[in-house]
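Engineer: If you want the building blocks of each chain, they are given just below.
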Amino acid sequence: AQTVTQSQPEMSVQEAETVTLSCTYDTSESDYYLFWYKQPPSRQMILVIRQEAYKQQNATENRFSVNFQKAAKSFSLKISDSQLGDAAMYFCAYRYNSGNTPLVFGKGTRLSVIA
Amino acid sequence: KAGVTQTPRYLIKTRGQQVTLSCSPISGHRSVSWYQQTPGQGLQFLFEYFSETQRNKGNFPGRFSGRQFSNSRSEMNVSTLELGDSALYLCASSFASGRNSGNTIYFGEGSWLTVV
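Listed in order, the protein sequences are those of chains A and B. Taking the working numbering, I'd label the letters of the first sequence as residues 1 to 115. Taking the working numbering, I'd label the letters of the second sequence as residues 1 to 116.
Note that these hints are calculated values from the structure, not bench results. Computed from a predicted model, the values in this text were never measured in an experiment. We put the beta carbon where it would ideally sit given N, CA and C, even for glycine. Among these hints, one or two may not hold up.
Derived Cβ-Cβ restraints for the label pairs, each shown as a range [what the hints assert, rightly or not]:
#, chain 1, residue 1, chain 2, residue 2, range
1, B, 77, A, 2, 42 to 50 Å
2, A, 73, B, 51, 40 to 48 Å
3, B, 28, A, 54, 20 to 28 Å
4, B, 17, A, 60, 29 to 37 Å
5, B, 17, A, 58, 46 to 54 Å
6, A, 30, B, 15, 41 to 49 Å
7, B, 39, A, 1, 39 to 47 Å
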């Protein structure tokens, strides 16, 4: 079974600084997707970034970028120029490339942004 | 384009009662899935529907059931509620119908269920 591990339950960062959240996963599949979701206090899950496993190039979305190391099964999220609105729970998630397989989530990392 | 809409947002039920939660997916999305989020267990997959058919089911007891209508709207039902069913129930939708058909899943704001 696939598993996703986020080893940092809590992280903090100063406003305008850069922070990296770690995620490792375990799978025997080669065709899959990885995601980072953000869950602010409102509790809605918001997609931050997505990475296709077959793409070697790391995904980037504005201030958010990933470091995808397929052989190491590592998928970290870097947030640059951190803003107060980035404070939230961040979940790393895995999904096998099929139409009906569910997301497998990590336990999450709570990110605090210090003004 | 409207996002995933869930109703009700908050509800309180008594042990032994049953509850129905509703979800309207993003327009054009035919896959709807449900997740339960609790502090202890984290996010767990309940089930997924596509074109009114359940395609996948998580490891939950039979008290948890769902269905999908022809307009892709979905409901989930929990019967004989237990205290441990208190959770945030998240509905999600995607366009996906098969491999490489769009694997991104979008979530609603959730339904907070408290069982007393």
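Engineer: Hint by hint, note whether the structure agrees.
Structural biologist: Structure-based check of each hint:
Distance hint check for residue 77 of chain B and residue 2 of chain A: the Cβ-Cβ separation is about 28 Å, which falls outside the suggested range of 42 to 50 Å. Evaluation of the 40 to 48 Å hint for residue 73 of chain A and residue 51 of chain B yields a failure: the beta carbon distance comes to about 34 Å. The supplied range of 20 to 28 Å is met by residue 28 of chain B and residue 54 of chain A, whose beta-carbon atoms lie about 25 Å from each other. For residue 17 of chain B paired with residue 60 of chain A, a C-beta distance near 48 Å fails the hint of 29 to 37 Å.
Between residue 17 of chain B and residue 58 of chain A the beta carbon distance is about 49 Å. The supplied range of 46 to 54 Å therefore holds. The hint said 41 to 49 Å for the Cβ distance between residue 30 of chain A and residue 15 of chain B, and at roughly 46 Å that hint holds. A C-beta distance of roughly 22 Å is found between residue 39 of chain B and residue 1 of chain A, which places it outside the suggested range of 39 to 47 Å.
Of the numbered hints given earlier, the model fails hints 1, 2, 4, 7; all others are met.
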